[in-house]
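Engineer: Given next are the chains, with one letter for each unit.
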Amino acid sequence: GEDVEQSLFLSVREGDSSVINCTYTDSSSTYLYWYKQEPGAGLQLLTYIFSNMDMKQDQRLTVLLNKKDKHLSLRIADTQTGDSAIYFCAETGGYGGATNKLIFGTGTLLAVQP
Amino acid sequence: EADIYQTPRYLVIGTGKKITLECSQTMGHDKMYWYQQDPGMELHLIHYSYGVNSTEKGDLSSESTVSRIRTEHFPLTLESARPSHTSQYLCASSEGRSVQYFGAGTRLSVL
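Chains as they are written, first to last, in the numbering used here: chain A, 1 to 114; chain B, 115 to 225.
To be clear, the hints were calculated from the coordinates, so they are not data collected in a lab. Keep in mind that a hint or two might mislead.
Covered, in the sense of this in silico footprint (three residues per stretch, anywhere, with C-beta under 8 angstroms from a C-beta of chain B), are these stretches of chain A [to be verified]: (1) 10-23; (2) 59-65; (3) 81-92; (4) 100-110.
Here the structure is a predicted model, which means the values were calculated and not measured. Every residue, glycine too, gets a C-beta built ideally from N, C-alpha and C.
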């Protein structure tokens with residue numbers, strides 16, 4: 001079945017770049033997403049990329065997609081303490097295409113040290 | 115900024131009570147979803163709707179039920195709450211197959 005995997009934890013110093021990685025199994029994914037969840041809150045859409053793109057940049061965020069390796073990454077430049085949160089990778093699988101359901105990774109906890 | 119609202123934000127309730135979690139969106143989106151997020155952080159789809167009078171079960175089996183009588187409203191009901199229902203419930207909506215926007219979630223604790 002469809003599966004999305006992420007590392008569970010990343011710790012960086014304030015001002016450094018953070019790179020959060022994600023791998024997925026469904027080669028027919030249409031969209032791939034990054035969501036941010038702060039403690040006690042819902043999911044905030046950070047950015048997304050169409051499956052026919054390799055890269056997308058939005059201010060401090062850069063998304064890289066390697067379709068051959070089914071690998072997605074999120075780079076946060078100049079990481080701030082306010083970036084501390086859980087980051088979820090998600091994809092709309094081909095099977096889920098009609099429903100548009102999201103398949104989520106387990107989430108990566110980003111801890112930013114001052 | 116997404117216009118999707120969930121109430122209540124927090125709910126503590128005793129076993130056996132009937133509860134309804136509300137979700138409303140003002141964007142006119144046709145599709146709506148309920149996800150359950152367990153303490154281990156993983157999210158799983160429990161219900162979705164293509165539009166009015168359409169409801170389907172998701173990947174994760176759930177004892178909850180949903181209804182979609184109006185486009186903007188997608189409430190979730192538990193007839194008899196149990197401690198195993200303790201979780202965070204997240205509602206989302208999308209226009210067709212485009213981006214899903216999430217509400218702030220309802221954190222449910224059943225004692």
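Engineer: Hints first: check each against the structure and report whether it holds.
Structural biologist: Hints and how they fare:
1. 10-23: Since 0 is below three, the answer is violated.
2. 59-65: Since three or more residues must qualify, the claim that chain B covers the stretch 59-65 of chain A is violated, with 0 doing so at under 8 angstroms.
3. 81-92: Result for this restraint: holds, n = 3.
4. 100-110: Satisfied; 6 residues make the cut.
In this structure, the earlier hints numbered 1, 2 are contradicted, and the remaining ones agree with it.
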